[in-house]
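Asks: Assemble the complex: chain A is given as a structure, and chain B must be docked to it using the hints.
The chain contents come next:
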Amino acid sequence: MTSADNLRAFKRAGRIVVVGASLAGLRAAEALRDEGFTGSLTMIGDESAEPYDRPPLSKQVLTGWVSAGNTTLPRRRDIDAEWLLGVPASGLDLAANHVRLADGREVPFDRVLISTGVRARPWFVESEAALDGVFVVRTREHAESLQRALAAGPSRVLVIGAGFTGSEIASVCRERDIPVTVAELAPAPLVGALGAMIGEVAANMQRAHGVDLRCGVKVTRLEGDAQGHFRRAHFDDGSTIDADVAVVALGGIRNTEWLRGSGLAAGPWGIACDTGCRALTLDGLITDDIFAAGDVARCPNPVYEYRLISLEHWANAVEQAGVAAHNMVSGQAERWPHLSLPVFWSIQFGVNIKSVGVPTFADEVVVAQGSVSDRRFVAAYGYRGRVTAAVSFDNAKWLDHYRQLIETAAPFPPPSPTPDQPVDTKPVPVDFPGPDLLAQGATVVVTGNDPGERRVTAVQQHHR
Amino acid sequence: MRVVVDLSRCQGYAQCAFLAPDAFRMHGEEALMYDPKPDDAQRDQVLRAAAACPVQAILVDQLEGRDVPVEASAS
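Protein sequences appear in the order of chains A and B.
Using our numbering, count along the first sequence one by one with no gaps and you end on 464.
Using our numbering, count along the second sequence one by one with no gaps and you end on 75.
Only chain A is shown next, with the shape it has when bound in the complex (with noise of 0.2 Å):
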């Protein structure tokens, strides 16, 4: 049989798993059965819901608008899948071609893809993050039990990281009018993501909206009281703030765990992959059955240099999901590239926060259009003299126009496209926190002498 032939009966009779019913598995799904897959498709998630969408829990949802059962994604088609929910996978072996489930099941596949996304971060000592009122939120029982927190009319809510989540969460306490404390490591909010000119505009949208914004500080303890409910926490500074709620936005944590073992490039920094999302091994050398979407991806993108990029944004799940399902049941001629510039959004503070490209991959950044202090601008990113990445506020329509300026590898900085001149027009250093703060330690070691001996091994990974 040549291999055209392989890949027709793969088609028509063949096995695919996915590990991970959230956008992006759900988004494959659809994709395959588009493409023309005929054969069987399991859909393995640890959540008892089926797929259901992640942004509006920490929007409309906690407004009290928008129940948390109402977020189920809608269908793009009919997928015709076997649906293994509410127990998540423990193993993978590529040896034997099954996904192992935590309950001991084995389900057998001929192709796999993988994703299994993010969960939150929890506070670090576990009988604190066990408090009555101490919350995170990434699914949506998390948000349905802080959106009732929130109803009860707490007398004060700590929000502990001033990442978008973070930001968005205490956006919400303060259109419910509940008095809110922000509390940050970094010297601003959204800092780490978008540098320390917009982490200032951030912070001061913040602060006119009423936050108890405190930066450069650390919450070094959650405080209960005798029946067990969250009343005070303290500061690496020595004070102290009562609260009846306290929200733990500390980011997310790849679900890889249980792939540890399993010989692929896995790890806390995600799954290693080429741009069609098919998986690299623990050696970097390429699968061709073995692909992953989403969150949990780690790609090369070419604008950047060919770095390892892994993305928590919905646009990323839904195209990587689509790249990588076209892969699935094609041939190596005709496989597509994921090549999409990242692009990402935010609601707060009444303000559309959006981004194209990459903004931590830069060392200058300028206000290229608008207005800063009337919270309505372009910020343009540059790194050695060309444009990478573009931050807007209340201005999403010229986004389109910095993406084509990134994907050209335009000058930097870029001349206004519009009369809406800025007052200052000097590009500043970006000014991101040092690597330091997210830099994993060693994660694999490199052992043997002969080209045919030489191998990776994982390292002992640890969550901080």
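Derived from the structure by calculation, the hints contain no laboratory data.
Fair warning: there could be bad hints in the mix.
[To be verified] In silico SDA-like cross-links for lysine to any residue, where the CA-CA straight-line distance does not exceed 20 Å:
| id | chain 1 | residue 1 | chain 2 | residue 2 |
| --- | --- | --- | --- | --- |
| 1 | B | K37 | A | A68 |
| 2 | B | K37 | A | G64 |
| 3 | B | K37 | A | A49 |
| 4 | A | K397 | B | P54 |
| 5 | A | K397 | A | Q421 |
| 6 | A | K397 | B | A52 |
| 7 | A | K397 | B | E29 |
| 8 | B | K37 | A | T72 |
| 9 | A | K426 | A | D374 |
| 10 | A | K397 | B | Y13 |
| 11 | A | K397 | B | G12 |
| 12 | B | K37 | A | T63 |
| 13 | A | K397 | B | Q56 |
| 14 | B | K37 | B | M26 |
| 15 | B | K37 | B | P21 |
| 16 | B | K37 | A | R77 |
| 17 | B | K37 | A | G69 |
| 18 | B | K37 | A | D53 |
| 19 | A | K397 | B | F18 |
| 20 | A | K397 | B | M33 |
| 21 | A | K426 | A | D363 |
| 22 | A | K218 | A | A196 |
| 23 | B | K37 | A | T139 |
| 24 | A | K397 | B | C53 |
| 25 | A | K11 | A | H326 |
| 26 | A | K397 | B | G28 |
| 27 | A | K218 | A | G238 |
[As the list claims (entries may be wrong)] Computed footprint of chain A on chain B, listed as stretches where at least three residues anywhere in the stretch have a Cβ under 8 Å from a Cβ of chain A:
| id | stretch |
| --- | --- |
| 28 | 6-16 |
| 29 | 22-29 |
| 30 | 34-44 |
The beta-carbon is built from N, C-alpha and C at its ideal position, and this holds for glycine as well.
Replies: Just chain B, lined up with the frame of chain A:
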């Protein structure tokens, strides 16, 4: 009915908020908030909003509740 809006594509033209104001609301000048499960009574308005979106960012369910996973239907 189930709805999702691709907010990375949305540019805040607000056509949907005019055509189906119970399901789509502007939050500030440009940001869109929407009800992902509008009442079936709003169906015609929501479909008109989806059709009118200049960047075609609104996806409405094509299945109407078929192919719901057995395990999930109980929850």
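Asks: If a hint holds in the structure, say so; if it does not, say that too.
Replies: The hints, checked one at a time:
no.: 1; hint: B:K37 / A:A68; in the structure: holds (10 Å)
no.: 2; hint: B:K37 / A:G64; in the structure: holds (14 Å)
no.: 3; hint: B:K37 / A:A49; in the structure: holds (16 Å)
no.: 4; hint: A:K397 / B:P54; in the structure: holds (12 Å)
no.: 5; hint: A:K397 / A:Q421; in the structure: holds (16 Å)
no.: 6; hint: A:K397 / B:A52; in the structure: holds (17 Å)
no.: 7; hint: A:K397 / B:E29; in the structure: holds (12 Å)
no.: 8; hint: B:K37 / A:T72; in the structure: holds (8 Å)
no.: 9; hint: A:K426 / A:D374; in the structure: holds (18 Å)
no.: 10; hint: A:K397 / B:Y13; in the structure: holds (9 Å)
no.: 11; hint: A:K397 / B:G12; in the structure: holds (8 Å)
no.: 12; hint: B:K37 / A:T63; in the structure: holds (16 Å)
no.: 13; hint: A:K397 / B:Q56; in the structure: holds (14 Å)
no.: 14; hint: B:K37 / B:M26; in the structure: holds (17 Å)
no.: 15; hint: B:K37 / B:P21; in the structure: holds (14 Å)
no.: 16; hint: B:K37 / A:R77; in the structure: holds (18 Å)
no.: 17; hint: B:K37 / A:G69; in the structure: holds (9 Å)
no.: 18; hint: B:K37 / A:D53; in the structure: holds (11 Å)
no.: 19; hint: A:K397 / B:F18; in the structure: holds (19 Å)
no.: 20; hint: A:K397 / B:M33; in the structure: holds (17 Å)
no.: 21; hint: A:K426 / A:D363; in the structure: holds (13 Å)
no.: 22; hint: A:K218 / A:A196; in the structure: holds (19 Å)
no.: 23; hint: B:K37 / A:T139; in the structure: holds (17 Å)
no.: 24; hint: A:K397 / B:C53; in the structure: holds (14 Å)
no.: 25; hint: A:K11 / A:H326; in the structure: holds (11 Å)
no.: 26; hint: A:K397 / B:G28; in the structure: holds (15 Å)
no.: 27; hint: A:K218 / A:G238; in the structure: holds (10 Å)
no.: 28; hint: 6-16; in the structure: holds (count 7)
no.: 29; hint: 22-29; in the structure: holds (count 3)
no.: 30; hint: 34-44; in the structure: holds (count 4)
The structure agrees with every numbered hint stated previously.
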